[in-house]
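One line per chain: the protein sequences are A and B, in this order.
Using the numbering used here, read the first sequence as starting at 12 and increasing by one per residue.
Using the numbering used here, read the second sequence as starting at 221 and increasing by one per residue.
Hints are supplied without guarantee of correctness; some may be wrong.
[Claimed, not checked] Calculated pairs, PhoX-like style, for lysine-lysine (alpha carbon to alpha carbon, straight line, at most 25 Å):
(1) A:K37 / B:K331
(2) B:K259 / A:K162
(3) A:K349 / A:K275
(4) A:K217 / B:K331
(5) A:K255 / A:K275
(6) A:K37 / A:K282
Bear in mind the hints are in silico, worked out from the structure with no lab data behind them.
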Amino acid sequence: MYHRFDAVIVGAGGAGLMAAAQLAGKANVAVISKLYPTRSHTGAAQGGVAAALGNLEEDHWIWHMFDTVKGGDYLVDQDAAEVLAREAIDAVYELEHMGLPFNRTPDGRIDQRRFGGHTRNFGEGPVRRACYAADRTGHMILQTLYQQGIKHQVTFFNEMMMLDLLITDDGVCTGVVGYDIHSGEIHVFHAKAVLLATGGFGRVFKVTSNALSLAGDGCAIAFRRGLPLEDMEFFQFHPTGIYKLGILLSEACRGEGGILRNDKGERFMEKYAPTLLDLAPRDMVSRSIYMEIREGRGINGQDYVHLDLTHLPAEVIETKLPDITDFVRTYMGLDPVKDLIPIQPTAHYSMGGIPTDVDGRVTIDEENTVLPGLYAAGECACVSVHGANRLGTNSLVDLIVFGRRAGRHMLKTINENDFHPLPKEPDFRARAEVSALLEGDGTENANVIREELQEAMFRDCGVFRTAEGLTSLREKLTELRHRYSRVGVRDKSRTFNMDLVETIETGYLLDVAEAVVAGALAREESRGGHFREDFPQRDDVNWLKHTLAYRTSGGIEMRYKPVVITRFEPKERKY
Amino acid sequence: MQVHLRIQRFNPEVDSKPYYEDHEVEVEPTDRVLDALNKVKWFHDGTLTYRRSCAHGVCGSDAMRINGRNRLACKVLIRDVGTNITIEPLVGFRVIRDLVVDMEPFFNAYKSVLPFLINDDPAPTTERLQSPEDRERFDDTTKCILCACCTSSCPITWTNDEFVGPAAIVNAHRFIFDSRDQGAAERLAVLNQKSGVWRCRTVFNCTEACPRGIQVTRAIEEVKRTLLTGDVS
Ligand SMILES: Cc1cc2nc3c(=O)[nH]c(=O)nc-3n(C[C@H](O)[C@H](O)[C@H](O)COP(=O)(O)OP(=O)(O)OC[C@H]3O[C@@H](n4cnc5c(N)ncnc54)[C@H](O)[C@@H]3O)c2cc1C
Ligand code: SF4
Ligand code: SF4
Ligand code: FES
């Protein structure tokens, strides 16, 4: 089936829906999503969204900008961080006006709480900057934005999975191809502007806070179409995942006063980050946990430590962290009011992604050449405001600030341009992919491949990395890719074929894993979320630059792009 | 440990009616029912079909009947349901395939109550003010994840497909009692129709079914009371 819309947005999480809200009523816009919008993983975000409103204590956008740059270990593009910190304030007010039910201060303003790495006066001490709605901030953002979509009668194509991106020979993006999960039909969407907002890919790792559906679809499809992926080696491991399950216990737990303890009951963060303690940035806290475990101070010598909330008033736990309390009770049978909670770092967030400028336009090289018609925002994009390590609450800001900017810029593109003709046989590749899988006689099980991938990635490309581990991992990926070429889909139906969907997703995971490993191997230094035991220092002389990974017929090619530095010269990162 | 799953299957391309299929799988007592389904799907029978995403009870994808009760498969542990587990699709919805049901009527009912803030006053340059008490007033109903456990448990919806169902009323409640909202009259008009709240016979099934612990029946009662008194505080 053929559709024509001014704008097509792929992904109905916070980024996609915030962009849609800018276009609704002003252009003919469609949102396609492989999940019902309210199932998107933005709904899982817990702790808050940062903005220097200064509702409870003095705060300034420039402090927020500084924290973002420093938290990102100076790999952040500072022009983008300035936009993020300045526009966060207005974007949060916009959400409030749309109806988002933030928690309130006694005088009726938006309440704010502390979060890791957010400080007053350039690092003096923690500041209350995270606007929140209990521990359901993402749920409220997702609901509120979806409600705006309903209000403004945005056209939604739910359970429609993008399989391909249409880029013409003269380098213009003219649409996408979708697979209707309900019927098995292929749809061609012709558009003047396309936004990729497909979220992250935490499912390349075994223990993760990410949804089963987060397979890096948008990144992988762009990569296959020859576009670069930026800074893919930077993946954030959040310190407090529920042991083995990876379900997130928000940093808000520590923001409200929670403490990490080792087997001896020691507050070990005193050693590693004397000023910010448990609220140091996530990469540091995750490494500290592993240092304790390595030195034998994991609980009973095992690979986890404790999150201790027991000293907090029961009322704070129940009212400010209700969902987290529920998770701990449901999945561990423990009561956070009385019990210590076993936690381990969990794969959480991709700092890297599809490179864009501050208007969400996708760029394709080290000169930031724009690809006309194509935009990206949210976790699948890399602006780059998170650099080598994202601060807590800065992703939701990223979604709303850059989702909004992308949406507004798309409107401009739509008004200034006509429809560019589609490439010939636009759905050729997508049809071939689907029929090869459905009609082929392969015997490899994609689920086995995926589990081996997740295991190997978590072991060799996790919090600690070495050339040796990464090299053998790269070989493992080659083997898995080989096996994937003989993959067999067991379900041959056209109706709601989730076996096919999961098999395609496994292919995407293999692609993004290749980019992550290539970046991790190339970057011979340690910075933020990327820690090389064989190169434990940050190396600004050689590595104060972004990586751009390209997929070529001869393997992955690495190119490099300078970091934009405006206000803050790189310094050592101490907390 | 080994568990025995009895799963209702239906593929419209080959089956004329639903049937049950049995599977034995090895799981941990602390695994989720969703983990057991994944084991079947990934390693035994790739054709088994259900929705899932977050795997920890926040996205609302995997509502289904587990041993006769509407639950999220990712929020029920094996040790809480025993070793014989019967799994069926939600009742009251058209089955698309296996455990996947048609959610369109459910979302249409949701949309019918105007689930968005209505306030035509020009917005201030900062936030609209709201006291913590006013915010607390509708807190419970903001938690809804639109999973349909409640609506599918309601005997009225089984026999009357016009009834908007408890989930839609919960979401109307979320706005009617929001001090910033001015759309109460419009929403109440929808809920006062014959498809609206008066169909509800206060059976409490819905409250029991809600995986988010929302006091669904209480919310419905509050909406009814408001219809009678006109008081939205
Ligand atoms: C448990 C958890 C807690 C978090 N807490 C916080 C927090 O407190 N503060 C904070 O700032 N950040 C937090 N984060 C991070 C933040 O929530 C995410 O980075 C962010 O929500 C991602 O939003 P998104 O819009 O980019 O993508 P998502 O919300 O993941 O949405 C992706 C969308 O793309 C669609 N999609 C994907 N692939 C396809 C395809 N092939 N075809 C069609 N559609 C497709 C999906 O259906 C979905 O609609 C948290 C993350 C997790 C996992
Ligand atoms: S209380 Fe009302 S809505 Fe809930 S199950 Fe009973 S009849 Fe249905
Ligand atoms: S009220 Fe509860 S059961 Fe009903 S849809 Fe919402 S979350 Fe699900
Ligand atoms: S998979 Fe999200 S609620 Fe169960």
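How the hints compare with the structure:
Of the pairs offered as hints, the one joining K37 of chain A and K331 of chain B holds, with about 21 Å between alpha carbons and a cut-off of 25 Å not exceeded. Our distance criterion of 25 Å between C-alpha atoms is broken by K259 of chain B and K162 of chain A, whose separation comes to about 40 Å. Between K349 of chain A and K275 of chain A the CA atoms are separated by roughly 18 Å; this keeps the pair inside 25 Å, and the hint holds. Restraint check: the Cα-Cα separation between K217 of chain A and K331 of chain B comes to about 38 Å, which exceeds 25 Å; the hinted pair is violated.
Only pairs whose Cα atoms come within 25 Å are accepted, and K255 of chain A paired with K275 of chain A is accepted, the gap being roughly 21 Å. Distance restraint check for K37 of chain A and K282 of chain A: the Cα-Cα separation of roughly 55 Å exceeds the 25 Å cut-off, and the hinted pair is therefore not satisfied.
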